[in-house]
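The opening residue of the sequence shown carries number 1 in UniProt numbering; numbering runs sequentially from there.
There is no bait here: all hints are sound.
Label-pair ranges, simulated between beta-carbon atoms:
1. S178 / Q80: 43 to 51 Å
2. S31 / N63: 19 to 27 Å
3. Q187 / K245: 29 to 37 Å
4. Q307 / S190: 33 to 41 Å
5. L122 / Y206: 25 to 33 Å
6. P116 / A34: 21 to 29 Å
7. E327 / E199: 44 to 52 Å
8. W118 / E327: 40 to 48 Å
9. T204 / N100: 22 to 30 Å
10. L62 / K249: 43 to 51 Å
11. S326 / E215: 32 to 40 Å
12. Q24 / E196: 44 to 52 Å
Quick caveat, the hints were computed from the structure, so don't treat them as lab data.
All of these numbers come straight from a predicted model, not from anything done at the bench.
Even for Gly, the Cβ is constructed at its ideal location relative to N, Cα and C.
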Amino acid sequence: ATTAPRIPSTRLALHHFDTNYSLQLKDLWPSVRASLLCEQKYGALLNNFTPLDHIAQELELLNATDFVSEASKKVQQVVQSEMMTQAELSPQLHTSITSNIKCYTFPRGDITRFRPAWPDTLGLLSYYLMDAASVLPVLALNVQPDDFVLDLCAAPGGKTLALLQTGICGHLAANDVSISRTKRLYQVLSSYVPREIRETVRITSYDGRDWGELEGGTFHKVLVDVPCTTDRHSVMEGENNIFHKRRTKERQMLPMLQLQLLMAGILATKPGGEVVYSTCSLSPLQNEFVIERAVEIAETQYNISIQVEDLSYFRTLFQDTFSFFSECRLGELVLPHLTANFGPMYFCKLRRM
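Construct all of the structure, not just a fragment, from the sequences and the given hints.
Below, the structure is given as structure tokens:
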């Protein structure tokens with residue numbers, strides 16, 4: 001008997017997205033679809049542990065700009081034009097100014113690639129290339145001096161590295177259930193972070209779902225960057241693709257895993273602390289629905305009240321760099337766009353009351 005031809009995982013993923021995202025994004029889907037199938041755009045996260053002046057100058061000569069400080073300038077202009085004091089400025093807008101994170105991107109429509117970073121005299125690399133939208137959840141976390149911070153699903157390490165660039169974490173715990181991915185995290189940190197700083201980061205390989213029981217009520221800030229359908233990878237790469245027929249069950253169980261990880265993150269947070277949940281998927285089942293269910297479970301099963309924070313000011317601050325989905329019910333969603341091909345990146349901030 002002849003067997004049915006094997007459909008590539010990338011084609012299965014695209015078919016799944018066509019069916020679902022065309023309903024969610026409507027007229028925007030053809031443009032987002034084309035962007036997912038085109039080369040991704042990167043940002044260069046500057047490494048504050050290396051001498052940066054000449055690197056920043058070099059990137060600026062190439063017409064790249066630090067999108068974080070550009071947003072800060074925009075805030076300062078608002079302050080000056082409206083004769084406001086810093087105290088009157090909404091605390092959210094003010095915090096975006098105080099971040100030490102620097103991430104350079106090329107302007108909209110400019111598809112120049114960054115060259116690979118070179119090591120400095122100590123052997124540390126001057127910048128880390130990543131999807132610039134991945135910096136947004138870290139900015140949303142808004143780390144304050146001496147905060148105890150947990151990165152619950154930390155590998156491969158871009159967001160952990162961004163957290164270290166703030167220079168103010170009182171204590172940073174970076175966890176990932178996968179030992180092979182944790183090795184990648186070690187490699188990233190050893191390429192970018194001096195040993196004395198590296199040794200202050202506690203790296204573990206626990207199942208993140210157990211963290212609430214391991215260290216409940218301990219952290220001021222928790223980042224929960226969950227495993228997801230990694231939409232861009234799924235339509236472009238056959239290897240390690242969650243849409244492979246063998247992984248159907250695993251894919252169907254993702255929202256449950258995501259919910260369990262978010263609940264663990266909430267339980268690991270001190271009262272008054274904050275959690276940022278993020279994915280690199282467009283799927284509401286992995287995004288807003290997980291948030292809504294977690295808020296409900298926290299209330300009914302743990303008697304914990306959760307406030308979903310308004311992050312709409314991120315749209316105002318960063319609209320020159322990213323394309324945001326204006327109809328996201330909770331949190332913010334960066335849509336891939338042909339002139340600004342970052343994302344997808346969903347992020348939502350929760351406060352444990």
